[in-house]
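Asker: If you're matching them up, the sequences are chains A and B in order. So for the first sequence, my numbering puts the first residue at 1; every next one is plus one. So for the second sequence, my numbering puts the first residue at 1; every next one is plus one.
The set of hints was computed from the structure by calculation and includes no laboratory data. Built from N, CA and C at the ideal position, the CB exists for glycine as well. Be aware that a few hints might be false.
Among chain B residues calculated to face chain A with C-beta under 7 Å, some are [what the hints assert, rightly or not]: (1) L58; (2) F59; (3) M61; (4) L83; (5) L89; (6) Q112; (7) A139; (8) T161; (9) T175; (10) W243; (11) D264; (12) L272; (13) A273.
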Amino acid sequence: MNNLVWLLASLGLAIAPHLGHMPLWAGPLCLALGLWRLAIARGKTKLPKKWLLFLLTAAVTAGIFGHFDTLLGRDAGVTLLVIMIALKLLEMQSQRDTLVVIFLSYFLVITGFLYSQSIPMALYLFVVVWVTTTTMIGYHDVNRGLAVRPRVRLAGTLLLQAVPLMLVLFVLFPRVPPLWGLPKDAHAGMTGLSDSMSPGTISQLIRSEAIAFRVQFDGPPPPSSARYWRGPVLWDYDGRSWSTRTPLDGSAEVELLGEPLRYTLTLEPHNQRWLFALELPAALPPGSRASADMQILAQSPVQHRVRYSLASHTRYRLGAELAENERQRALRLPAQANPRAQALAERWRGTHANPRAIVDEALGLFRKQAFFYTLNPPLLGQQAVDDFLFNTRRGFCEHYAGAFVFLMRAAGIPARVVTGYQGGALNPLGDYLIVRQSDAHAWAEVWLAGQGWVRIDPTAAVSPDRIESGIAAALPEAELPFAMTQLDLAWLQRARMSWDLVNNNWNQWVLGYGQERQQNFLSRVHASLASWQGMAIALAAGIAALLLAIALWMLWHAPRRGSDPVQAAYRTFCARLARRGIARAPHEGPADFALRAAQLRPDLAAQIDHITQCYIRLRYGRQQEAASALRQAVQRFRP
Amino acid sequence: MAGLSQRVATWATHRPLRATAFLRQLLRPAPDAAPVTLTQRRIYVLPTRAGLIFALMLFVMLLGSINYANSMGFVLTFLLGSLALVSILHTWRNLARLTVSAGKGTAVFAGQDARFEVCLDNPGGIARHAIGLRAGGHAGDFTDVAPHQVACLGFALPADTRGLMKAPSFMLFTTFPLGLFRAWTHLDLDMHCLVYPRPAPEALPLPVARAETGAGRSHGEGHEDFAGLRTWHAGESLRQVAWKAVAREQGMLTKQFAGEAQQDVWLDWDALAGLETEARLSRLTRWVLDADTAGQRCGLRLPGCIIAPGLGDEHRRQCLEALARFGL
Numbered sequence: 001m002n003n004l005v006w007l008l009a010s011l012g013l014a015i016a017p018h019l020g021h022m023p024l025w026a027g028p029l030c031l032a033l034g035l036w037r038l039a040i041a042r043g044k045t046k047l048p049k050k051w052l053l054f055l056l057t058a059a060v061t062a063g064i065f066g067h068f069d070t071l072l073g074r075d076a077g078v079t080l081l082v083i084m085i086a087l088k089l090l091e092m093q094s095q096r097d098t099l100v101v102i103f104l105s106y107f108l109v110i111t112g113f114l115y116s117q118s119i120p121m122a123l124y125l126f127v128v129v130w131v132t133t134t135t136m137i138g139y140h141d142v143n144r145g146l147a148v149r150p151r152v153r154l155a156g157t158l159l160l161q162a163v164p165l166m167l168v169l170f171v172l173f174p175r176v177p178p179l180w181g182l183p184k185d186a187h188a189g190m191t192g193l194s195d196s197m198s199p200g201t202i203s204q205l206i207r208s209e210a211i212a213f214r215v216q217f218d219g220p221p222p223p224s225s226a227r228y229w230r231g232p233v234l235w236d237y238d239g240r241s242w243s244t245r246t247p248l249d250g251s252a253e254v255e256l257l258g259e260p261l262r263y264t265l266t267l268e269p270h271n272q273r274w275l276f277a278l279e280l281p282a283a284l285p286p287g288s289r290a291s292a293d294m295q296i297l298a299q300s301p302v303q304h305r306v307r308y309s310l311a312s313h314t315r316y317r318l319g320a321e322l323a324e325n326e327r328q329r330a331l332r333l334p335a336q337a338n339p340r341a342q343a344l345a346e347r348w349r350g351t352h353a354n355p356r357a358i359v360d361e362a363l364g365l366f367r368k369q370a371f372f373y374t375l376n377p378p379l380l381g382q383q384a385v386d387d388f389l390f391n392t393r394r395g396f397c398e399h400y401a402g403a404f405v406f407l408m409r410a411a412g413i414p415a416r417v418v419t420g421y422q423g424g425a426l427n428p429l430g431d432y433l434i435v436r437q438s439d440a441h442a443w444a445e446v447w448l449a450g451q452g453w454v455r456i457d458p459t460a461a462v463s464p465d466r467i468e469s470g471i472a473a474a475l476p477e478a479e480l481p482f483a484m485t486q487l488d489l490a491w492l493q494r495a496r497m498s499w500d501l502v503n504n505n506w507n508q509w510v511l512g513y514g515q516e517r518q519q520n521f522l523s524r525v526h527a528s529l530a531s532w533q534g535m536a537i538a539l540a541a542g543i544a545a546l547l548l549a550i551a552l553w554m555l556w557h558a559p560r561r562g563s564d565p566v567q568a569a570y571r572t573f574c575a576r577l578a579r580r581g582i583a584r585a586p587h588e589g590p591a592d593f594a595l596r597a598a599q600l601r602p603d604l605a606a607q608i609d610h611i612t613q614c615y616i617r618l619r620y621g622r623q624q625e626a627a628s629a630l631r632q633a634v635q636r637f638r639p
Numbered sequence: 001m002a003g004l005s006q007r008v009a010t011w012a013t014h015r016p017l018r019a020t021a022f023l024r025q026l027l028r029p030a031p032d033a034a035p036v037t038l039t040q041r042r043i044y045v046l047p048t049r050a051g052l053i054f055a056l057m058l059f060v061m062l063l064g065s066i067n068y069a070n071s072m073g074f075v076l077t078f079l080l081g082s083l084a085l086v087s088i089l090h091t092w093r094n095l096a097r098l099t100v101s102a103g104k105g106t107a108v109f110a111g112q113d114a115r116f117e118v119c120l121d122n123p124g125g126i127a128r129h130a131i132g133l134r135a136g137g138h139a140g141d142f143t144d145v146a147p148h149q150v151a152c153l154g155f156a157l158p159a160d161t162r163g164l165m166k167a168p169s170f171m172l173f174t175t176f177p178l179g180l181f182r183a184w185t186h187l188d189l190d191m192h193c194l195v196y197p198r199p200a201p202e203a204l205p206l207p208v209a210r211a212e213t214g215a216g217r218s219h220g221e222g223h224e225d226f227a228g229l230r231t232w233h234a235g236e237s238l239r240q241v242a243w244k245a246v247a248r249e250q251g252m253l254t255k256q257f258a259g260e261a262q263q264d265v266w267l268d269w270d271a272l273a274g275l276e277t278e279a280r281l282s283r284l285t286r287w288v289l290d291a292d293t294a295g296q297r298c299g300l301r302l303p304g305c306i307i308a309p310g311l312g313d314e315h316r317r318q319c320l321e322a323l324a325r326f327g328l
């Protein structure tokens, strides 16, 4: 009974983190099945018949298929596993069934890590492992000799002793690349920029405090206004959203100026192919390629944290020559879209011969007129750019960048939208830069003869604070997402930075400990560890040494002389009698032994009787007495 | 010729068998002189079936971790693997350094189950848990042994023939704490249980009492004449205890009857001529029990062994032991 409660508790704890990604009915169903099992154990009802179980299994499987449209994949698989374990409770009879459920409960823990590997999650799941281990001990303590506390403590001791072995295995077990493909949804639910931008896309992303990437500069980092992290470049406008339907072929023509800035960037997985870099990198991260518009693309979507070192130049000339097809694509607009904006651009084109003057005219429009930078812009009508420029005048960076590029194209200047991240906060504790999803940004590039593609950030014209000091400074307080408020509290900011430092190290050293990290780390420790043979030998030796150390510690640490003074004194008494040839038989109770001993040595009868009575009172009596009387009596006892 | 070759072939195939049997006999360890302390060399540890399933699960978890390149998956897999490794030490320690000795055995009749007792002395300061005993294919009990304490485990085996029955070798094992590994040891303690002959099933009247001339033997009328109470001594039959007096808290008193000095019955081996040895012993056993039940003083006369007439549990035990050991 007690064991069952523990089993249900450990299962419940292991299932809890999955509640969020299972169908809504799965949680209550598991609870109901657990309660059913409890009722069976209390004798209120019997184990269900086989056909009923079969029916339930079929119904649940159909329900899961109905919800996910598949039984494969991560979410459906985990849901299936959870509910099958809960159903297994109803046909759990033998000790072996129970053990299978306990093992599956361990297995559930590992599925939890498919969703989150953060520090709090790891701590929580460690507790689940602890509880499950306690449950397992309970089922093997057949005589119920252990109360709850010693059982929990024993499980803790076992786990604590396992930790050093685990560390050796973790560091030295050779990492290999994945063996086969993963289900499609294995990396679902990641936030980040996408390959299209419409009003609202980025302002939604801004609300996420998730980390996009972290950057460690070799020298001092450049000022915020120079920190443009280039991502997707968008060419095609359909009247509503910007996107790139077919990527641009060819390679970019880049002329780098000035001194390079060296840095190492650790990119969080975002399930897209872009690798972000400070504009513009001198060389590409290994295994990636750059498109003609300088998007850096990995070979496959980034599903694991990647780390790459780059050197970037904040001064550069990009695309001195513009190919004809590029020019056409950078000028294309839907014919009927936004007539008022088109008319305005036509007017500028008539008054200014110099494209640069047209750019300034547009920026001046944003700067001088009553345009506002806000996270909550009003909804836009059919002619979105017209509506924004002439009516609402409230928008976020995607509104400004989109409208600006539209105006440029209408005025005959080749232009495109660039998305990415801008700025980032410096963590003074770890001396690295944190770039969050809330730093997502959109800006524009226009092509000017002789200068190539030039970055123009219309948001800077509306809200210079956004570029100089970041999003939190640029938005009115009431609009800030909750996580960004009250950042003026110094201690809170400090705590947040410390926590990020811990997380960064966790990511770099624990979660990022893959093939490459292992190779680097181990070969730095010792040259022989670079090969897998070296690792295997070190692994075997390390484990053997640790096991030996634990075994010795266990023997050393074992309290040899009794921790119980009463028992120790009585043993001394028995040992002294044994030396005189009167050994206590193992099955002989203290009273019987005293009787026999007194018969054999009538001269000692009084002492033997006194000591035995004293011992029995202390051992089995109700009242608490001091053990000193017994100890003194035994000390005086010299047969 | 064919006959000879066949004989050689038979000899050739049988010979090594006999040799191995002989060798086995020779190499069979002598029963241990009790008590035995379980040292490293006596304890074996191997995974249980559950342990193998656990290993399989760890392998699947490892594959999953590799495939998803999931670091925490590796951490968990390695933690559980290390947990299993550490549990080997704990399982082993649960058995190590126990001192095993034979407990007291109680005599039984042939056809009943002989019960043997094994006592485990825990000299250390750490409690032992769930130690099981298995003998001759019969599962025995489990016990815990508190620090510095002794706990006894029993096991029962059918006793078919009278005489001194030797306990078979047995196995002490434990899977505590996690059930992934089993530590065990085989022991062959010099442990015996006395098996009395099987009492003859049918009740025959006791042999006729022969009058014996002896001083102080009055010729009473049996149990009817109540003569008084005297204190009860250990070993006397409980049948004549004055239970009413016990209920009045006057202590254990035995009723004395005028017919106490009734005639002694002699249970005589020679009186049963014509029966086989075992049948005779069965019959005599039955009579010893019947006489005891009836409160009849009786003596036992076996070839080479005479037990003077008497009454009470100790007398009964003497008679039964003589019958059990007869001719062995």
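Asker: Determine which of the earlier numbered hints do not hold for this structure and return their numbers in increasing order.
Answerer: Violated hints (numbers, rising): 1, 2, 6, 7, 8, 10, 11, 12 and 13; every other hint is consistent with the structure.
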